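**Student:** Single-letter residue listing:
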Amino acid sequence: MRLHFVSKYPGWWLLIPLLICTLFLALSVGAYPLHPAKVADVFRRVLFQGSQTDIDAVVLLSIRLPRVLFGALAGAGLALGGVCMQTLFRNPLADPGLMGLSSGAALAAAAVTLFSSAAPTLLAHPLSMPLSAFIGGLAITSLVYRISHQSGKVRVDAMLLMGIAMNALCGALIGLLLVMADDAQLRNITFWSFGSLGRADLKSTALLGGIMLLPVWGIWRIRDAMNVLLIGEADAASMGVQVEKLKFCLVTLSCLMVGLVVAMAGLIGFVGLVIPHIARILFGVSHQSLVPSSVLLGAIFLPLVDIFCRTAVAPSELPIGMMTALLGTPFFIFLLLRTRSVA
Amino acid sequence: MMVLQNIQVSRSKRCILSAINLKLTPGEVTIVIGVNGAGKSSLVRLLSGEWQPDAGNISWQGTPLSSAPPLDMARSRAVVNQQADLRFDFTVREVVEMGRFPLRQTSPAQLELSIDTALEEVDLLRHAHKKCTRLSGGEQKRMLLARAMVQLTEARTAGEGVLILDEPTAHLDLRHQELLLQSMRNRAAEGLAVFAVLHDLNHAARVADQLVIVHHGCILKSGTVDDVMDPELLSGIYGIPLERVDTPGHCPNWISPAPQKKSSIPNPNLQNNHEKHLLIPTP
Numbered sequence: 002m003r004l005h006f007v008s009k010y011p012g013w014w015l016l017i018p019l020l021i022c023t024l025f026l027a028l029s030v031g032a033y034p035l036h037p038a039k040v041a042d043v044f045r046r047v048l049f050q051g052s053q054t055d056i057d058a059v060v061l062l063s064i065r066l067p068r069v070l071f072g073a074l075a076g077a078g079l080a081l082g083g084v085c086m087q088t089l090f091r092n093p094l095a096d097p098g099l100m101g102l103s104s105g106a107a108l109a110a111a112a113v114t115l116f117s118s119a120a121p122t123l124l125a126h127p128l129s130m131p132l133s134a135f136i137g138g139l140a141i142t143s144l145v146y147r148i149s150h151q152s153g154k155v156r157v158d159a160m161l162l163m164g165i166a167m168n169a170l171c172g173a174l175i176g177l178l179l180v181m182a183d184d185a186q187l188r189n190i191t192f193w194s195f196g197s198l199g200r201a202d203l204k205s206t207a208l209l210g211g212i213m214l215l216p217v218w219g220i221w222r223i224r225d226a227m228n229v230l231l232i233g234e235a236d237a238a239s240m241g242v243q244v245e246k247l248k249f250c251l252v253t254l255s256c257l258m259v260g261l262v263v264a265m266a267g268l269i270g271f272v273g274l275v276i277p278h279i280a281r282i283l284f285g286v287s288h289q290s291l292v293p294s295s296v297l298l299g300a301i302f303l304p305l306v307d308i309f310c311r312t313a314v315a316p317s318e319l320p321i322g323m324m325t326a327l328l329g330t331p332f333f334i335f336l337l338l339r340t341r342s343v344a
Numbered sequence: 002m003m004v005l006q007n008i009q010v011s012r013s014k015r016c017i018l019s020a021i022n023l024k025l026t027p028g029e030v031t032i033v034i035g036v037n038g039a040g041k042s043s044l045v046r047l048l049s050g051e052w053q054p055d056a057g058n059i060s061w062q063g064t065p066l067s068s069a070p071p072l073d074m075a076r077s078r079a080v081v082n083q084q085a086d087l088r089f090d091f092t093v094r095e096v097v098e099m100g101r102f103p104l105r106q107t108s109p110a111q112l113e114l115s116i117d118t119a120l121e122e123v124d125l126l127r128h129a130h131k132k133c134t135r136l137s138g139g140e141q142k143r144m145l146l147a148r149a150m151v152q153l154t155e156a157r158t159a160g161e162g163v164l165i166l167d168e169p170t171a172h173l174d175l176r177h178q179e180l181l182l183q184s185m186r187n188r189a190a191e192g193l194a195v196f197a198v199l200h201d202l203n204h205a206a207r208v209a210d211q212l213v214i215v216h217h218g219c220i221l222k223s224g225t226v227d228d229v230m231d232p233e234l235l236s237g238i239y240g241i242p243l244e245r246v247d248t249p250g251h252c253p254n255w256i257s258p259a260p261q262k263k264s265s266i267p268n269p270n271l272q273n274n275h276e277k278h279l280l281i282p283t284p
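For the record, the sequence lines run as chains A and B. Just so we're aligned: the first sequence equals residues 2 to 344 in our numbering. Just so we're aligned: the second sequence equals residues 2 to 284 in our numbering.
Rough simulated footprint, nothing fancy, chain A against chain B, three-plus residues with beta-carbon under 8 Å:
no.	segment
1	49 to 59
2	74 to 88
3	100 to 110
Calculated from the structure, these hints are not laboratory results. Just so we're clear, the structure is a prediction, and the values are computed from it rather than from any experiment. Each residue gets a CB set at the ideal place from its N, CA and C atoms; glycine is no exception.
Input sequences plus hints: build the corresponding full structure.
**Tutor:** Below is the structure:
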């Protein structure tokens, strides 16, 4: 299926116009439809006449643009997080949630929701939920990483097992918190765990975009070492790769990206698993093309799914985490079956 | 030159290697032989830097191996491990190209040339765009050898480096075994120190400048092929009767399993063992 010319001519560039078209489409479609010509007109007026106050401009610039851009950044971050985890575990079925990042974030978010009434000044602040989710996810991942560290080396198999154990523990604790929660809290926790791009605003989008530059740049810098790691740790070390440092970088950078997205948008599963796979099928396994193609495909995929979520039951909307899981699960089963048949 | 002095390695309170003293000399092929579990692969792990010795020193060009920067060391030392663990569908060319990782700035044309030359030498040029996971075990081994050759591009030009091979002839057919042995000699001719673990005594006898017998984690004997290839010693180590067969016009040292005269069950193949060895092509 992989096209031979792609390896010679970096075909992932073709995704850039596709991304622009997708973003334009996502800006146009919604409960309040905006013709693409109107979208272009608003941008033209803002560019040449300054800020606009008409309804089209308000809908487009205050609501839809942050959401669409946030969706694109989140999709890119989740996909790149998936690439990092699959390289770290040398397994195409690995996913950022494997190290307990998502379950740790969900546990922290559930705890904050439940105990916000106990300390309203601290925990009822709008930033407390994303901040605690970010810290929760990071704490569980750090714990998994630390426990897997033995005599100067991180054992990836131990990390995998620890991740599974931590996910189970967090799941149990979330269940306990849900039992203690009242109806309103239960609803909040459930909706947060389904994920949504509806909470995005210009500030959070700018923050996510600004912080994501660092991991994207970092991963691009280590793309050759990531390729070599896929051949095996012993081989990589003999070729001059500092394997332990590389593992630390992969965990840190993917945690930073995925942790931020989860903290701001809730749990959005399967993007980190599915997008790198599609990128590998289309553009090959080398990180030279896998990193940019995963970023672009992730940035295309999530706004597309969000269009469906926003319009399917308009004026209400479907949780995006649920939709990505609905699309991702059959694909995951297909991958498992395909891997088994190849093996 | 790589020098190992009084090396001792223990794992889980068990002594795996002890009193290892060895020199890998530029331009020479050093072959290690010994029974399974003797410590040959442990020696490879030690030389490749995967394991650190509990006692003793390993030095490369006078510098302790542990203090050499990983990238500098990777430019001078390449390792082809016993088994490839390939899980992702890289093309053969992509895997061989990974050999450029430790190299300093190389021009694309020069890199292309060294990749093509390496692929040609291991007879994989026509499979360059094949997925590496689809290759047979022997083809994968040849691909990794090509990658090691690209990795040692600078060392080969400078004439100082070391190539470490763990059971390189395993899974290879006769023709490619010959190609590989020739490739080992070629690398030595370029000035590299070549170190390999081999099980085939005939191959070892043909290609080695220095032959080392490892037994129970110690170097039992080392020296030239004539010094080391003692049928009595080898018979004792391998636990089967072995004899030396001199064939006029061919390599002087041939070790061949002697017919089992007292075998209670006659084995029709056993009588032909001697002739079978003579079928192996010789230079």
